[in-house]
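2 protein chains.
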Amino acid sequence: MLGRCAARALGALRGLREGAPPARSPGPSRRLLSSEKVSDENHSLPKPCWSKDMRLLFDQFMKKCEDGSWIHLPSYEYIATQRSQDFPTFIHASELINKEKLSQGRLFTKSFEDGLGFEYVMFYNDAEKRIVCVFQGGPHLQGMPGFFHGGAIATMIDATVGMNAIVSGGIVMTANLNIDFKRPIPLCSIVLINSQLDKIEGRKLFVSCNVQSVDKKILYTEATSLFVKLDLEKKFD
Amino acid sequence: MLGRCAARALGALRGLREGAPPARSPGPSRRLLSSEKVSDENHSLPKPCWSKDMRLLFDQFMKKCEDGSWIHLPSYEYIATQRSQDFPTFIHASELINKEKLSQGRLFTKSFEDGLGFEYVMFYNDAEKRIVCVFQGGPHLQGMPGFFHGGAIATMIDATVGMNAIVSGGIVMTANLNIDFKRPIPLCSIVLINSQLDKIEGRKLFVSCNVQSVDKKILYTEATSLFVKLDLEKKFD
Chain A
1 MLGRCAARAL GALRGLREGA PPARSPGPSR RLLSSEKVSD ENHSLPKPCW SKDMRLLFDQ
61 FMKKCEDGSW IHLPSYEYIA TQRSQDFPTF IHASELINKE KLSQGRLFTK SFEDGLGFEY
121 VMFYNDAEKR IVCVFQGGPH LQGMPGFFHG GAIATMIDAT VGMNAIVSGG IVMTANLNID
181 FKRPIPLCSI VLINSQLDKI EGRKLFVSCN VQSVDKKILY TEATSLFVKL DLEKKFD
Chain B
1 MLGRCAARAL GALRGLREGA PPARSPGPSR RLLSSEKVSD ENHSLPKPCW SKDMRLLFDQ
61 FMKKCEDGSW IHLPSYEYIA TQRSQDFPTF IHASELINKE KLSQGRLFTK SFEDGLGFEY
121 VMFYNDAEKR IVCVFQGGPH LQGMPGFFHG GAIATMIDAT VGMNAIVSGG IVMTANLNID
181 FKRPIPLCSI VLINSQLDKI EGRKLFVSCN VQSVDKKILY TEATSLFVKL DLEKKFD
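Here the protein sequences come in this chain order: A and B.
If you're matching positions, the first sequence starts at 1 in full-length UniProt numbering and goes up one per residue.
If you're matching positions, the second sequence starts at 1 in full-length UniProt numbering and goes up one per residue.
Some clues are possibly wrong.
Same chains, same label: a pair holds when it works inside one copy or across any pair of copies.
What the hints assert, rightly or not - EDC-like mimics (lysine to aspartate or glutamate), calculated; alpha carbons at most 20 Å apart, straight line: (1) K182 to E201; (2) K229 to D59; (3) K64 to D114; (4) K47 to D59; (5) K182 to D231; (6) K64 to D53; (7) K217 to D126.
The hints are simulated quantities; they were obtained by calculation from the structure and are not laboratory data.
This one's a predicted model, so the numbers in the text were calculated from it and none came from an experiment.
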């Protein structure tokens with residue numbers, strides 16, 4: 001269940017393929033959006049709260065982008081203030097929601113102050129159909145004292161494999177997420193989430209991933225997932 | 001991967017069994033805790049941000065608690081400021097974490113302002129080894145516009161099945177979480193998370209759950225999980 005943010009990244013990616021401005025620009029993605037307030041801040045660019053290691057990994061991947069084999073995916077925050085023109089069939093369900101509360105809608109992964117929650121940047125390799133997400137989790141993602149909450153890890157996995165499904169299949173929804181937590185991840189770690197599109201069968205997309213330490217010596221988590229392309233005629237009410 | 005909060009609930013539950021003050025009191029749980037700052041606010045008691053429906057469900061379950069068949073589980077926030085004496089074997093891994101950041105540690109499910117994130121209350125039936133969690137998700141848990149993020153749902157599932165494992169087996173860690181997302185859940189909905197301990201095999205605890213609408217007419221999500229009792233001699237470093 002991914003947000004407009006991902007759809008925007010898909011738009012940006014399409015823009016790149018069409019020779020539009022590079023992913024750092026919010027320009028091409030705007031085509032997908034018409035009905036919400038949007039923050040222009042691209043959260044996948046370095047911020048003061050990023051650690052030295054996070055910045056170093058960002059620079060390394062940006063270097064890989066120079067020959068076009070990797071693409072830096074942008075990441076914007078949205079504030080949903082009204083019905084989405086992109087998801088017209090969801091209108092009925094949305095009408096069940098308290099309008100005032102809906103106006104406060106914030107993307108889950110962007111609803112923390114800088115550095116306290118989810119800081120991440122994703123890079124996509126189109127030839128290999130895979131994404132690497134560099135994730136720096138903040139102190140407000142704690143579960144067992146000193147470690148990330150399993151739900152926070154599940155959230156970043158969902159965001160990463162979901163993005164991989166979106167850039168491969170368009171607008172999708174998470175149908176299954178199967179996560180093996182092998183080792184707890186120390187709070188405030190930086191980890192790599194390596195996602196891979198395994199196969200597409202009709203409307204189904206199968207994506208797997210793992211979560212590793214930056215030096216790749218520790219395998220923290222493995223996961224498989226199933227995404228289904230949305231049938232825009234179907235109502236979820 | 002559950003936090004001190006759950007361990008505290010277990011302590012409170014044990015206190016009840018030993019004839020200690022009722023679960024509303026933070027007293028009995030204190031036995032488990034020695035090394036962190038604790039907020040005394042019990043988040044599982046009604047708050048102004050709870051909707052009328054949430055309050056109604058709370059009252060209905062509190063009535064079920066009167067004959068002792070159900071127990072209202074308390075829920076506290078913790079702020080981890082130093083090493084945990086309850087998890088001594090995690091010390092080495094914790095030392096890898098930036099001390100300043102660790103001091104900002106907040107339980108993931110309690111790191112939102114009232115009403116914007118996770119509002120929930122859990123009730124435990126000891127005879128049936130099951131928990132019902134009444135969950136009111138706030139607008140900052142959004143994924144696809146107008147709906148909860150899959151990661152937010154995974155987080156509440158992890159918290160609920162994890163609590164079920166803890167009250168049945170002591171200190172545990174999530175080993176596997178397998179979630180089928182059947183229908184998207186409208187943002188700001190109140191839902192019931194019904195968790196059930198299925199079996200215990202040695203150190204393994206198997207817990208399943210589903211997420212339903214309050215009227216039980218809509219099945220949103222189903223999940224299975226595996227928890228492993230912690231070997232306190234094992235290091236995660």
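Requested in this report: Identify every previously stated hint that the structure contradicts and give their numbers, smallest first.
Outcome: The structure breaks hints 2, 3 and 7; every other hint is satisfied.
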